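K.L.:
Chains as they are written, first to last, in my numbering: chain A, -19 to 281; chain B, 310 to 447; chain C, 179 to 303.
One should not assume that every hint holds.
[Claimed, not checked] Straight-line C-alpha distance at most 30 Å; calculated DSS-like pairs for lysine-lysine:
id: 1; chain 1: A; residue 1: 55; chain 2: A; residue 2: 33
id: 2; chain 1: C; residue 1: 251; chain 2: C; residue 2: 215
id: 3; chain 1: A; residue 1: 198; chain 2: A; residue 2: 279
id: 4; chain 1: A; residue 1: 254; chain 2: C; residue 2: 251
id: 5; chain 1: B; residue 1: 445; chain 2: B; residue 2: 421
id: 6; chain 1: A; residue 1: 198; chain 2: C; residue 2: 219
id: 7; chain 1: B; residue 1: 421; chain 2: A; residue 2: 254
id: 8; chain 1: B; residue 1: 321; chain 2: B; residue 2: 421
id: 9; chain 1: A; residue 1: 254; chain 2: A; residue 2: 279
If you are wondering where the hints come from, they were derived from the structure by calculation, not from laboratory data. These figures come from a predicted structure and were not determined experimentally.
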Amino acid sequence: MNKLGITEQELASRRAYFQLTDGDLTRLAALRPFAERHNDAIVDAFYQELILKHAESRLFFTDQATLQRAVAAQKRYFLELFSGVADLSYMENRLRVGTTHQRIGVAPKWYLGAYAHYLRLISDRLLAEQGPSAETQEKLRSLQKIIFFDMAIAIETYIAAGLDALARHQAAIRELSTPVIQLYERVLLLPLIGTIDTARAMQVMENVLMRVVERQAKVIILDIAGVPVVDTRVANHLLQTTEAVRLLGASTVLTGISPQVAQTMVQLGVDLSKMHTRASLEEGLELALGLTGRSIRVKEA
Amino acid sequence: MAARVLSTQEMKIASEDDVVLVRRAVRALAERRGFDSFASAALTTAVTELGRNIWVHARSGMAIIEELEDGLRPGVRVEFKDLGPGIPDIDWAMAGGNSTASSLGLGLSGTKRLVDDFQLQSEVGRGTSVRITKWKRF
Amino acid sequence: MQSGQIPILRIGTTLLASIQIELRDTTAQSFQEDVLKAIEKSRSRGLIIDITGLDMVDTFVARILTDTGRMAKLMGTETVLVGMRPEVAATLVRMGFSMQGVHTALNVDEGLALLAQLQGAQGRA
């Protein structure tokens, strides 16, 4: 529910937009006995004429038990259209169904096609039973409104799920683009590869800060050998990260500074004097170990 | 897609306690809408800075908290309104390093860097309105 | 102004203040006064301010913390700020707030070690 941010305020504006009035709900509630009478026949026809007829949708029902469960759920779902309410719990319920559809892989085209089919089946029966009076037209209009109201929720659930997947993928990419490695006890390394724009710089900083606290690291080495362009903007991001790491109580060592980067930095007037910097990762590691009170010694032969 | 407003909450700011209440309300909303901890900290900090501006400079005002959705991306917009003295020179105030009452300096320019959108309107003698918006990151 | 909302413990010549409550402007101001009075009373040499409990630090509170460190220094006490959360550090840096001159450490233990180091250096000087 929260995912779509449905509030009373939003519910009211939705109902106004779909022109789903209390009158419509009352008419639908009055149709309930009719719907109950025809429900079994409609749902059965619905499955026979549509779902089981098409190979794609038939695939969902590999066994009889699954089919029976689905048919029972379908019957409840359709009867709820005639409950006479369209409140938050109704929407929540519809959202849940949408989420289930999305999860098990019911494509939007099947959902919409099936709902259109259902609407035809029930309209035909209503017309046959009650005649094409103005009153019947009113009832059909109410039914159409709530079905479209339902469909909007379902489609939004699909979109939300898609965006969710996108967010998960982006988080995964983020994770991959800032791989923080523990080199030694309390010494971390982040090899930066590729272009650094503002969004990525922010992710790098946040990831570095989280890892430093999580591992209680004293030093983090940022290796920029794999960053093609280091301009003032990138340098400023690196300075910000260094300052933030300092606020946590740790130090940053910047390595992979090529002659070209050193030239650019000085020409641009970027003050890197507050940073520990080294040309190579190897020297950076020596410095980092020194900062944690250790050193690398060559073993005497 | 135009952002739609899902809910609106108006809160008065006439004391330090009110600023705390607004901050809590905004944090609760940001967390409920799935903002990550960095975005939520940035937003609550911005709200605190602007809320404090109201009771320091104007003594009282309002915070209007709106829950937004753009497509299906959640956002939070907070507008701070007061009928205080207004800001005589907005560019100067926004340049950073300038603050009259608190000597803190970074109030407005720093706050702007914490949010996705920052709109400031002010008229001397009439009051000030600052509207900030922050969207959930994907 | 309420005083004493943030307990200040004394361990040897070191004072330890752990901020566990949501800081309001007035609480932050009285905290500064309490700390300075405690330094005067206890003749301490070091002060550790643990802000692990703060999920937000705005410029006002950051300024009070920085100033408290500077004031303590004038009274002969070194200050180490420990336990800043990642979100807090990122926000302060993005706002352009500089806490220059403030010593920092990851946790209280490291803070104590840093104080010992700073005091040792001072002793030798």
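K.L.:
Work down the list of hints and note, for each, if the structure agrees.
P.N.:
Evaluation of the provided hints:
Under the criterion of a C-alpha separation no larger than 30 Å, the hint pairing residue 55/A with residue 33/A is consistent with the structure, at around 19 Å. This hinted pair checks out: residue 251/C and residue 215/C have alpha carbons roughly 13 Å apart, not beyond 30 Å. Restraint check for residue 198/A and residue 279/A: satisfied, since their Cα atoms lie roughly 26 Å apart, inside the 30 Å limit. Using a Cα cut-off of 30 Å, the hinted pair residue 254/A and residue 251/C holds, with the two alpha carbons roughly 22 Å apart.
For the proposed pair residue 445/B and residue 421/B, the alpha carbon gap of about 16 Å is at most 30 Å, so the pair holds. Note on residue 198/A and residue 219/C: the hinted pairing is violated, with a Cα-Cα distance of about 34 Å set against a maximum of 30 Å. Proximity of residue 421/B to residue 254/A is assessed by CA-CA distance (about 26 Å); at most 30 Å being required, the pair is judged to hold. About 22 Å separates the Cα atoms of residue 321/B and residue 421/B, which keeps this hinted pair within 30 Å; it holds.
Between residue 254/A and residue 279/A the CA atoms are separated by roughly 34 Å; this puts the pair beyond 30 Å, and the hint is violated.
Hint compliance for this structure: hints 6 and 9 are not met, and every other hint is.
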